[in-house]
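Add chain B to chain A, keeping to what the hints say.
So the protein lines, in turn, are chains A and B.
Here numbering that gives the first Met the number 0 is used: position 302 in the first sequence is 301, and no number is missing along the way.
Here numbering that gives the first Met the number 0 is used: position 82 in the second sequence is 81, and no number is missing along the way.
Hints in this document: simulated from the structure, not taken from any laboratory.
Keep in mind that this is a model prediction, so the values were computed, not measured.
The beta carbon of each residue, even a glycine, is placed where N, CA and C say it ideally should be.
Heads up, a few of these hints could be off.
What the hints assert, rightly or not - Distance ranges between label pairs, derived from CB positions:
no.: 1; chain 1: A; residue 1: Glu192; chain 2: B; residue 2: Ala75; range: 21 to 29 Å
no.: 2; chain 1: A; residue 1: Glu195; chain 2: B; residue 2: Ala51; range: 43 to 51 Å
no.: 3; chain 1: B; residue 1: Leu135; chain 2: A; residue 2: Phe214; range: 36 to 44 Å
Unchecked claim - These stretches of chain B come out as covered by chain A in the derived footprint (C-beta under 8 Å, 3 or more residues):
no.: 4; stretch: 90-101
no.: 5; stretch: 121-131
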Amino acid sequence: MVSKYRDRKAQKTYTVVGNDVFADPNSRGQAKNPFDSNVVCNFDQMETLLDYCFINLGVGEEGDGGVGHPLVMTEAVCVPGYNRKMMSELLFECYNTPSVIFGIDSLFSYDYNNGKTGLVLSAGHTATHLIPVVDGKGLVNLSTRLNWGGSQSTDYMLKLIQLKYPGFPAKIQSWQAEALMKDHCYVSSDYKEEVESYLKPETLLEKDRIIQFPFTETIKVEKSQEELDRIAERRKESGRKLQEQAAKVRLEKLIKKEQELAFLKTLQARQETDSKRDFKRLLEQNDFRDEAALEKSIRELDKTIRRARKQDVGVEEDAANSAPPSFPLLDIPDEELSDDSKKMKRHQKLMKSNHEARLRAKAEKEAERQRQEDLERADAAKREADLPAWLSTRHAARAAVLTKIKDRTRLRNELSDRKSLASQMRMKSIANLASDSPPSKKRRRGAGGAPGASGGPGGGGGGDDDNFGANDDDWSVYRNITLGTNSDEDEEDNELAKELKAIEDQLLLHDPHFDRNDTQEAKSDWRASLLHAFTRGVREHDPEDQAQGSQIHLNIERIRVPEVILQPGMAGLDQAGVIEIAGDILLQRIADERVRERVLKDIFLTGGAVAFEGFDERVRREVREIIPAGSELRVRRAGNVVLDAWRGAAKFAKGEMSGKEGVGWVTKGMWEEAGGEYILEHRLGNAF
Amino acid sequence: MAPPAAVPQTNTVLDELDITPHPRPFKNPNWKPPHRRTKTLKQILSDATRTAAAGEGGTAPAAGPMQTTYANIESAPSLHPAHSKKWCDVTGLPAKYTDPKTKLRYADKEVYAAIRMLQPGSAERYLELRGANIVLK
Numbered sequence: 000m001v002s003k004y005r006d007r008k009a010q011k012t013y014t015v016v017g018n019d020v021f022a023d024p025n026s027r028g029q030a031k032n033p034f035d036s037n038v039v040c041n042f043d044q045m046e047t048l049l050d051y052c053f054i055n056l057g058v059g060e061e062g063d064g065g066v067g068h069p070l071v072m073t074e075a076v077c078v079p080g081y082n083r084k085m086m087s088e089l090l091f092e093c094y095n096t097p098s099v100i101f102g103i104d105s106l107f108s109y110d111y112n113n114g115k116t117g118l119v120l121s122a123g124h125t126a127t128h129l130i131p132v133v134d135g136k137g138l139v140n141l142s143t144r145l146n147w148g149g150s151q152s153t154d155y156m157l158k159l160i161q162l163k164y165p166g167f168p169a170k171i172q173s174w175q176a177e178a179l180m181k182d183h184c185y186v187s188s189d190y191k192e193e194v195e196s197y198l199k200p201e202t203l204l205e206k207d208r209i210i211q212f213p214f215t216e217t218i219k220v221e222k223s224q225e226e227l228d229r230i231a232e233r234r235k236e237s238g239r240k241l242q243e244q245a246a247k248v249r250l251e252k253l254i255k256k257e258q259e260l261a262f263l264k265t266l267q268a269r270q271e272t273d274s275k276r277d278f279k280r281l282l283e284q285n286d287f288r289d290e291a292a293l294e295k296s297i298r299e300l301d302k303t304i305r306r307a308r309k310q311d312v313g314v315e316e317d318a319a320n321s322a323p324p325s326f327p328l329l330d331i332p333d334e335e336l337s338d339d340s341k342k343m344k345r346h347q348k349l350m351k352s353n354h355e356a357r358l359r360a361k362a363e364k365e366a367e368r369q370r371q372e373d374l375e376r377a378d379a380a381k382r383e384a385d386l387p388a389w390l391s392t393r394h395a396a397r398a399a400v401l402t403k404i405k406d407r408t409r410l411r412n413e414l415s416d417r418k419s420l421a422s423q424m425r426m427k428s429i430a431n432l433a434s435d436s437p438p439s440k441k442r443r444r445g446a447g448g449a450p451g452a453s454g455g456p457g458g459g460g461g462g463d464d465d466n467f468g469a470n471d472d473d474w475s476v477y478r479n480i481t482l483g484t485n486s487d488e489d490e491e492d493n494e495l496a497k498e499l500k501a502i503e504d505q506l507l508l509h510d511p512h513f514d515r516n517d518t519q520e521a522k523s524d525w526r527a528s529l530l531h532a533f534t535r536g537v538r539e540h541d542p543e544d545q546a547q548g549s550q551i552h553l554n555i556e557r558i559r560v561p562e563v564i565l566q567p568g569m570a571g572l573d574q575a576g577v578i579e580i581a582g583d584i585l586l587q588r589i590a591d592e593r594v595r596e597r598v599l600k601d602i603f604l605t606g607g608a609v610a611f612e613g614f615d616e617r618v619r620r621e622v623r624e625i626i627p628a629g630s631e632l633r634v635r636r637a638g639n640v641v642l643d644a645w646r647g648a649a650k651f652a653k654g655e656m657s658g659k660e661g662v663g664w665v666t667k668g669m670w671e672e673a674g675g676e677y678i679l680e681h682r683l684g685n686a687f
Numbered sequence: 000m001a002p003p004a005a006v007p008q009t010n011t012v013l014d015e016l017d018i019t020p021h022p023r024p025f026k027n028p029n030w031k032p033p034h035r036r037t038k039t040l041k042q043i044l045s046d047a048t049r050t051a052a053a054g055e056g057g058t059a060p061a062a063g064p065m066q067t068t069y070a071n072i073e074s075a076p077s078l079h080p081a082h083s084k085k086w087c088d089v090t091g092l093p094a095k096y097t098d099p100k101t102k103l104r105y106a107d108k109e110v111y112a113a114i115r116m117l118q119p120g121s122a123e124r125y126l127e128l129r130g131a132n133i134v135l136k
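Bound conformation, chain B alone:
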């Protein structure tokens, strides 16, 4: 992602960059894109597990080692005790305390004073960085 190189006066730059009118000799002229619904990765994965489950219940032999799929190569939660260390949400320093009201972790009393003075909503944004915010659905 590069920053915009120049500010275009009119759409001349865009006209230059536009590929809409460009001929495409490499394409199959008879090709019609299938009527496809764009699926998100989540949908695709859940579909895949469903078909896999159906296949195992059916006639297909489910022998051999477990297949590696996109979903199961994901890294497991950390078991290392050192990684449950707490860091200050504001400064990033090691945090000894937690504010009972906002649940923010903080390093010292000065940071605590700053937390108390936070604008409404800021505390949630800090929590969101740590994935500890409460999401209402």
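Pulled out of the complex, with its shape left as it was, chain A reads as follows:
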């Protein structure tokens, strides 16, 4: 990694190389890699890189304007001639290297591990190679490359985690993903079987890895119990006060209405006694057009009173229980009373009607309860009479509630999509409401037809006067056009959930075929959820807990990421996996059977990506499946999968043939003679 950038503040150009680039955010942002895939392509950066190496090695002290040592360079398998030309030019012209040898890293590693004949599987940073080696010589013409390596795996891991936790609070860096991959991934010995049982609770308990990311806890101010009590008390107190006031006001209103009703009733009664004309005059005096209007207002009044009474039920329980108070003053005519007593009488009058109202309310409530009980009894009777039929009605009711809930969630989802039918209906409703001329009835029916809407306008009745609002459902059009989760919707959701629960409770009680596991609650329980197991592991997830919020659960990823090298199709790479390639090389390309036997005895794994636990066993098992029965097979990995390539190159450089002409070393003179791409073939290098 090379980072070269100019710091504007310091008026200075910095050149930072290698791991040093991560020391500073600026240099990290500018860091570049001279490699394109596994081939060096940017030679300016390569030059900086070599500078850094030679500076740190302290070579060139002799002062002859050159490195002064023979160099061993590694290069990709079958590197294009252009790149080697550029590299040679750089080494010979810029660094005055006396001689250079180019070799393949994995072959150096194999050589270091005393390999003579075998198949080298080298999983590198950007690509994976398989190279057969016979009698110490790498057969480059038989080798195969798979374009998948450690960097792609890291990328894959990172993307998987990002998609698994879309709202993750911390930004997961590439190096973090790499560390996660190195620490937790392993190659499954039987991927298909293992992956199928991975999310089962027993397996998951053992294999799920939880990674805690750093997080800052926002501390909520904890109130002491006393304080909480005091607040609750205060709230209760004020609530009670308000309730009392409201009840009083309601009661007064109720009494007034009752008086009015009584008056209207007397008015009605006079219809029979009075003459028609007199009655009509009386009606006119009281602002009624005719008897029908009177009757209508009586009916309405009656209805409101009834409703008000129902509301009052329960508030004044204790008052109703006490003995009926006496109102002695009421029976005495006004003339016999003093002013004070008159006031008293008025008060008693109020109290009396108050009391009566309460009694009436109580009776009403009693009747309501009676009605409920009757309903329940009828229900039970029906159940006892015909259980299957009753059950089927209950099941139908449950299904209806479920569809209702589903419809609601679907509607909500659709509204978030601008192009959906529901959204368009909503826009139509808004346009209709906003327009001055009321749209035709037909159009508005369409608006009401959106799922969840309970209907268009009621009444109908054409003409200019649309009786919008006469039907309660009309107002739902406003609810339909408001977006987002308002409390109203939540309330309705809660109600639906409660209804569902009630039905399910009944079913649990009476239906022998309906048990706990069938309830919606059990179905939406986290224990049954596959995705919960996938993202949150085996324990319940608490969304409030910030520590849990910044946790990553690695489970299937642990085998899914390393698996790509064996099944590249998983990550969209249209190439055969390493085992298939190995099979191709072993069974097709190596024609000689005796050679094949020898190669099978030493399958050698090297490179950073084979470091996954279980890789050797998997290779052993799968290669065994494809080779002829009874063949001897040995699989081993490099002593150090990462560093052995360097050690091999170092050993090679120290060898007695080092720097000598003829065994692969290209001297400056030869290079000047033969041209840029020239190399001498040797056992660990590319073919020319």
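Relative to chain A, chain B alone:
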């Protein structure tokens, strides 16, 4: 790639690491880098095939076995039937179904419900992991 070891206060760390002012006695002082355009690997490969084609058409003898090049050592597409197995894009489990709308593969109805609730763009990112996304050029 190691994580940053320490957070630098100022640029002192960088000053320490900077190799710009360091003397380079090992370098040829007269060396001028050629005016080179940095080519990507793709360009290099296509250039190489072009020159090879030109060479074969010309005087150079094109005898002998086919040469191995960077491009042709690449592994061929898999022919093994087991490798065309479908996996769930979300969980990685074996996938039986494909969502006709997003073309995502999924393992069961719960995953399907999750797919339906995905944020816009997420489905494409899942497809991209499998190389099945549509790239507009």
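Against the structure, the hints come out as follows:
In this structure, Glu192(A) and Ala75(B) meet the distance hint of 21 to 29 Å, their C-beta atoms being roughly 28 Å apart. A beta carbon spacing of about 48 Å between Glu195(A) and Ala51(B) agrees with the range 43 to 51 Å that was offered as a hint. Judged by the Cβ atoms, the range 36 to 44 Å given for Leu135(B) and Phe214(A) holds: they are separated by roughly 38 Å. A stretch counts as covered by a chain when three or more of its residues have a beta carbon under 8 Å from one of that chain; for the stretch 90-101 of chain B and chain A the count is 4, and the coverage holds.
Requiring three or more residues with a Cβ within less than 8 Å of a Cβ of chain A, the coverage given for the stretch 121-131 of chain B holds, as 8 such residues are present.
Violated hints are absent here; each numbered hint is respected by the structure.
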